[in-house]
Amino acid sequence: MSGLTLVEAVNQALAWEMAHDESVVVFGEDVGVNGGVFRATLGLQERFGAARVFDTPLAEAMIAGLAVGMASQGLKPVPEVQFMGFIYPALDQIISHASRLRNRTRGRLTCPMVLRAPFGTGIRAPEHHSESTEALFAHMPGVRVVIPSSPVRAYGLLLSAIRDPDPVVFLEPKRVYRAFRQEVPDNGEGLPLDHAFVTREGTDATLISWGASALETWNAAGELAEEGVDCEVIDVATVSPLDKDTILESVARTGRAVIVHEAASSGGVGAEIAAILASEGLYSLEAPVVRVAGYDVVPPLARMEYGYIPSVQRIKDAVHESVGSG
Amino acid sequence: MSSVVAQFEITYQQFLDEHGKAQKELPEFAADADQMARMYRFMVLTRVFDRRCINLQRTGQVGTIASSRGHEAAQIGVAAAMQPEDVLAPSYREHGTAIWRGVRMSQLLAVWGGDERGHNWDGARHDFPYCVPIATQCLHAAGAALAIKMRGRPHCAVALCGDGATSEGAFYEALNAAGAMELPVVFMVTNNRYAISMPVEGQTAAATLAQKAIAVGIPGEQVDGNDVIAVRHVLEKALCKARSGGGPALIEALSYRLGDHTTADDATRYREDGEVEEAARREPLGRTRRLMEERFGWTPEQEEALVKALEAEVEAEVEAYLNTPKPRLEDIFEHQFGNMPPMLAAQREIARKYPVPDHG
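Respectively, the protein sequence lines represent chains L and D. Every letter in the first sequence is one number past the one before it in my numbering, and letter 11, counting from 1, is 1439. Every letter in the second sequence is one number past the one before it in my numbering, and letter 321, counting from 1, is 310.
Some hints here could point you the wrong way.
Straight-line alpha carbon distances no greater than 20 Å define the calculated DMTMM-like cross-link-like pairs of lysine to aspartate or glutamate that follow [stated by the list, open to error]:
no.	chain 1	residue 1	chain 2	residue 2
1	D	K230	D	E17
2	L	K1672	D	E338
3	D	K297	D	E323
4	L	K1672	L	D1724
5	D	K138	L	E1708
6	D	K226	D	E308
7	D	K138	L	D1483
8	D	K138	D	E171
9	D	K138	D	E190
10	D	K297	D	E308
11	D	K138	L	D1449
12	D	K226	D	E(-2)
Here are the in silico distance ranges between beta carbons for each label pair [said to hold, decoys possible]:
no.	chain 1	residue 1	chain 2	residue 2	range
13	L	L1519	D	L333	21 to 27 Å
14	D	P188	L	P1569	33 to 39 Å
15	D	P188	L	A1478	24 to 30 Å
16	D	E304	L	P1569	34 to 40 Å
17	L	G1535	D	G103	15 to 21 Å
If you are wondering where the hints come from, they were derived from the structure by calculation, not from laboratory data. Note that the structure is predicted; figures quoted are calculated from it, not measured. We treat Cβ as the ideally placed atom computed from N, Cα and C, and that holds for glycine.
Isolated chain L, as found in the complex (with noise of 0.2 Å):
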């Protein structure tokens, strides 16, 4: 089969980018021999030296904080944190000082580093492999949150994150890692930041979401077609900033929105948007907005996964309801 995986696209961004610009520098743990847990990484040490692709002791805080001094001397540096449940102990130097450096110092020092990792459910994995608290960085001034949901932009925001002048927290649906593959030309190209993505054009509902839930949202989509409901559909990519802009002009359009994301519903992104949505769309809307989300509870262990995550005929039955109502 041809084309790339997602991960396999993130692979071969890292490695556009650290050919193209000295200063790019990836690491983490297991990042370097090993390739990575998910393998992202591999291959990279071998092609561009230990000095620019290595592994570190194991201490999440201390990759962060090393890629706060790194970025603000210069370097681009691009570290993994193996989880996003393992992420917690590096939320203080991203909160306290990769997304205020350059405000704190008024554009003196600057925080140039996209801090890469994988989340969500969907692997069978231990407790805390599953997290998918992307509002935390969300909620934070001066860090954007970039997710991609599909090996082209994995590729293309990837590199858009490392070339941004500020910190980005790229969060990586590992559910998509390997579920299919798309044609990735690797020529260099990235994609826009702050930017929602029309992946499907329809009239009669807009579906909004990122990340792995991309996936049910897009089958959603494709079985409602058949069931005579035409939907729009939008991946946020970017869900912080958000690009508001996208997502009101299709909602004024279809006067129907469904949020779907997997995680939990309370306080996350998709509360953000149906916030925007109320006080700038409201007049556009014919239906409530719906929110398909994550329960909120945490995110069970395996056997229980698929019973949290927002599966294609929640979403449909949510936009059956927006449809029949107004």
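Chain L is already provided as a structure; the job is to place chain D on it using the hints.
Positioned in the frame of chain L, the structure of chain D alone reads:
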């Protein structure tokens, strides 16, 4: 069978006792009148500046500020040991070090006066700003050292922190990374005996803070932090070693915080006057002055003239600070990102309609 598999010792370095008497032969730089006069000048300046800062806070002209009184030898000793290209990652109390490295006092006042522009400071433009979350700057110094090492540059990074920082995970993680990666970085802990109200005995069961280096496999040593000659000497050795690929070190400088933690603190709540008076006898300025008198014929007239000149210098900086035009409200938006997202631009437009109320 059992056998000893590791042993360690921690050395303590002092040249000048509390009376300014040399305990042993002084290092070469201490024979240079100009160098000693310069160090002494900045120590006195740090003291004069501190006094004025407290006064400005008491009169409502600056916000909460951390006192550096008693830390002059540690702050100037490390500053004198550093080169301009070295990278400093300070805590929030290192006024003397910052001023030595070219930061204007008016800019430090701006930082404490609630104006971010202060951190866009002169001098070592690559130095880190003051760091408030305790010990987190130690990791930045390690990261900067990694950048220096990767580029093969002959410099090093220096992290400054207090005794309280040595209880933090970030402190240990930074030391450990520096050791594991052989980074050109030196950590200096100014042990001023208190983490606000918590005495160092309550912070650790370790006999010294320097020995925390041993656990990560790097050298650790103690120095009399009120002896500027010892601080500079020990730091110079450690920095030279780091710059030439010899790896990191931890230096514990023993000192005492003569003032309150900050102007928002009242240290009489947790320590006895007698303890402070005893510590004041070991403070750094007096012993340095006595050395200056003994070795370089420093006179009371010179002393008086110096203090007067420094007071005028500080006053000019205070004036510059007080006369700085107010920041613009737009500034709080403009430095969040290099590329401002549309949502933030929209919020800036809202803010423009609401002038900032003047709270004096």
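Results for each hint:
1. K230/D / E17/D: holds (18 Å)
2. K1672/L / E338/D: Given that 20 Å is the threshold and the Cα spacing comes to 17 Å, the pair holds.
3. K297/D / E323/D: violated (41 Å)
4. K1672/L / D1724/L: violated (25 Å)
5. K138/D / E1708/L: violated (51 Å)
6. K226/D / E308/D: At roughly 39 Å apart (the allowed maximum being 20 Å), E308/D and K226/D break the hint.
7. K138/D / D1483/L: Satisfied, since the Cα-Cα distance of roughly 16 Å is no more than 20 Å.
8. K138/D / E171/D: holds (9 Å)
9. K138/D / E190/D: violated (37 Å)
10. K297/D / E308/D: Satisfied, since the Cα-Cα distance of roughly 16 Å is no more than 20 Å.
11. K138/D / D1449/L: holds (18 Å)
12. K226/D / E(-2)/D: With a Cα-Cα distance of about 18 Å, the restraint between K226/D and E(-2)/D holds, given a limit of 20 Å.
13. L1519/L / L333/D: 21 to 27 Å: Hint holds: Cβ distance 22 Å, inside 21 to 27 Å.
14. P188/D / P1569/L: 33 to 39 Å: holds (38 Å)
15. P188/D / A1478/L: 24 to 30 Å: violated (45 Å)
16. E304/D / P1569/L: 34 to 40 Å: The hint (34 to 40 Å, Cβ to Cβ) holds, given that E304/D and P1569/L are roughly 38 Å apart.
17. G1535/L / G103/D: 15 to 21 Å: holds (18 Å)
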